[in-house]
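*Asks:* For the record, the sequence lines run as chains A and B.
Just so we're aligned, residue 1 is where the first sequence starts under our numbering, counting upward by one.
Just so we're aligned, residue 272 is where the second sequence starts under our numbering, counting upward by one.
Accuracy of the hints is not assured; some may be wrong.
[Said to hold, decoys possible] Here are the computed lysine to aspartate or glutamate pairs in the EDC-like style, where the Cα-Cα straight-line distance is at most 16 Å: (1) K486/B - D555/B; (2) K14/A - D86/A; (3) K583/B - D86/A; (4) K618/B - D424/B; (5) K287/B - E463/B; (6) K253/A - D399/B; (7) K500/B - D424/B; (8) K486/B - E463/B; (9) K366/B - D165/A; (10) K133/A - E101/A; (11) K366/B - E30/A; (12) K264/A - D512/B; (13) K71/A - E148/A; (14) K287/B - E438/B; (15) K106/A - E195/A.
Note that these hints are calculated values from the structure, not bench results.
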Amino acid sequence: MANPYQPIEAQILKTIDETPTIRTFVLKPEQDVPFLAGQFVELTVPGHGEAPFTPSSSHFERETIEVTIMKVGRATTALFGLKAGDSVGIRGPYGQRYPLESFEGKDIYLVGGGVGLAPLRSLFLSLVHEIDKYRRVFLRYGARTPEEIVYKYLIPQWEKLKKVDIDLSVDVGDKSWVRKVGVVTCLMDDIPCDETSSIAVVCGPPVMMKFVTFKLVDAGFKPENIYLSMETNMSCGLGQCGHCRLGPYFTCKDGPVLTWEQIKDIPEPFV
Amino acid sequence: MLDIREGVSSFSILVKLHFLPNSKRDRWLNVLLDQSEVYFPQILESQVHWQRLQAGGLREGDGGPEWGLEHIRASEPIKSFFFSPRERVASFPEKLEPGETGRRILFGVKNCDLLPLKVHEQMFLQGDFKDTFYEARLRNTLFIAADCPEPADTCFCNLVGRRPFAEAEADIVLTVLEDGYLLEPLSDEGEESVRTGGDAIQPATEFQAAKRAEKRRAADSKLAKINPKPWADGLAQRIWDRSGEDGFWGKHAASCVECFGCLMTCPTCYCFLLYDKARAEGMDRSKVWDACYMAAYARVGGGANPRSEFLKRFVNRFQCKFTHFKNAHGFYACSGCGRCYRACMGKIDIRDVLGEV
Numbered sequence: 001m002a003n004p005y006q007p008i009e010a011q012i013l014k015t016i017d018e019t020p021t022i023r024t025f026v027l028k029p030e031q032d033v034p035f036l037a038g039q040f041v042e043l044t045v046p047g048h049g050e051a052p053f054t055p056s057s058s059h060f061e062r063e064t065i066e067v068t069i070m071k072v073g074r075a076t077t078a079l080f081g082l083k084a085g086d087s088v089g090i091r092g093p094y095g096q097r098y099p100l101e102s103f104e105g106k107d108i109y110l111v112g113g114g115v116g117l118a119p120l121r122s123l124f125l126s127l128v129h130e131i132d133k134y135r136r137v138f139l140r141y142g143a144r145t146p147e148e149i150v151y152k153y154l155i156p157q158w159e160k161l162k163k164v165d166i167d168l169s170v171d172v173g174d175k176s177w178v179r180k181v182g183v184v185t186c187l188m189d190d191i192p193c194d195e196t197s198s199i200a201v202v203c204g205p206p207v208m209m210k211f212v213t214f215k216l217v218d219a220g221f222k223p224e225n226i227y228l229s230m231e232t233n234m235s236c237g238l239g240q241c242g243h244c245r246l247g248p249y250f251t252c253k254d255g256p257v258l259t260w261e262q263i264k265d266i267p268e269p270f271v
Numbered sequence: 272m273l274d275i276r277e278g279v280s281s282f283s284i285l286v287k288l289h290f291l292p293n294s295k296r297d298r299w300l301n302v303l304l305d306q307s308e309v310y311f312p313q314i315l316e317s318q319v320h321w322q323r324l325q326a327g328g329l330r331e332g333d334g335g336p337e338w339g340l341e342h343i344r345a346s347e348p349i350k351s352f353f354f355s356p357r358e359r360v361a362s363f364p365e366k367l368e369p370g371e372t373g374r375r376i377l378f379g380v381k382n383c384d385l386l387p388l389k390v391h392e393q394m395f396l397q398g399d400f401k402d403t404f405y406e407a408r409l410r411n412t413l414f415i416a417a418d419c420p421e422p423a424d425t426c427f428c429n430l431v432g433r434r435p436f437a438e439a440e441a442d443i444v445l446t447v448l449e450d451g452y453l454l455e456p457l458s459d460e461g462e463e464s465v466r467t468g469g470d471a472i473q474p475a476t477e478f479q480a481a482k483r484a485e486k487r488r489a490a491d492s493k494l495a496k497i498n499p500k501p502w503a504d505g506l507a508q509r510i511w512d513r514s515g516e517d518g519f520w521g522k523h524a525a526s527c528v529e530c531f532g533c534l535m536t537c538p539t540c541y542c543f544l545l546y547d548k549a550r551a552e553g554m555d556r557s558k559v560w561d562a563c564y565m566a567a568y569a570r571v572g573g574g575a576n577p578r579s580e581f582l583k584r585f586v587n588r589f590q591c592k593f594t595h596f597k598n599a600h601g602f603y604a605c606s607g608c609g610r611c612y613r614a615c616m617g618k619i620d621i622r623d624v625l626g627e628v
């Protein structure tokens, strides 16, 4: 039986600066880390700690794993000091995948905020890989400024994909910004899918998740059809250490994505 | 017919009961010592502590160790034997795997200290990922339980549905009698271990079995006098329903000085933190005990903290042990051992809180 706390080695093949504080790391693990969209991995920055991240690449891509990370704490700051050729540790995959089979034939409405688009990208790419299984895929994404939009170079390609509908907003625009200005909920006044059967998937800062969830509920989305990426302090990733408890759930084991139905009765789920 | 144990005839009990006279105790202990490390409860300055038994240190009194088999549980929870306060569990870039584990015998475990093994079984061994360090040590340990004839005022195992003696969950259960020890094997390994005593261990008599029943009844009665009132029905839900009542929880938390003694001595608490330490090249990862009362326990990388106020952490402890664990696994993550109250500098008695919820 393997040691569950032991990471394997993953080489950084390439880094891509998405914004001044967000960077994508393309990793090649020494063994396959067979994650499915929704699951996460634990990355070790040797000597600086370990932190959980949901991959941003498609789960159909097995050779490499991409992880898009914002510099916010001790481990991520140290990670930003590494470059192509350096090694990190990786453990996983952990947590629950999206139940994609129950998304089939339906509209999927993705709402992302800031670096929250990273995990949604993994789901988005997995959905468009088999787009014929789904009715349509909508992506609504908000960032603080045009400069802080992640995957700027990819979004124009995504917009050309069949059955895909994308809209963007920024809190504060600039001279070149021609799309909407406002928080991401300003893109949700007219939701172009059947709210009673569609699936919504939300990832972003807690305050954004809270208001997007309320907007989706008001629009008629069923609580069991609203999937939320919950941010808690995940340490072990194994459902053992206790840190990530959210009401009756351990987000590392039962999540990290939980439905609004699961968490709506927990006091203050968004912190 | 003797009323030894409800639903079990005296004959079937007698078949299983063995007697080890005081005069032959050390003979059996020497056999056990040949096979294993043996740990026993030793009385040191009126407290009981787990000590390793040395082959030369069997003699009691006059310089020998004073055994505490009839005392309440040791000060230290037995989880330290399987899940130590700090342990290296991984390294990088080279990989670390659990090492060989020697065989151990815990001689004289109380029934309240057996329940935490069930809690840790759920947390560390029943999920998708097993704690291989924990498992290796647990599987290599023989548990010899000892009845608890003198419950202390701080004990409340009866409130969590347990009794002051083991009827399962150990390999052997032992009762101290005047002239020796009554032994009841509860597992195949326990049977085997009793057999190693050879002719030092004899079949028990009806009189000895009746003595055990009498001692156990007396212990039950003492506990019932210490804790006469059971907790209210639906305790798990009541805690959850009242979780937002700051006045109620604040009253009970008022004298807490946040020393975390209650959680560090709690035998069921399982929380840990993985902590990486840099080396010249790479790192060593330690697994260290953690406690949900600590301010940074739930803080995330960006600094947000869902339980930054102590009162929320106080309530969370009760929810964890008495609501969520019960709902998930069918029993409280509390053994009634009373260590939390004994350790508490603010004299917060968990029974007062739960009795009032």
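*Asks:* Tell me the numbers of any earlier hints that the structure contravenes, in ascending order.
*Replies:* 1, 3, 8, 9
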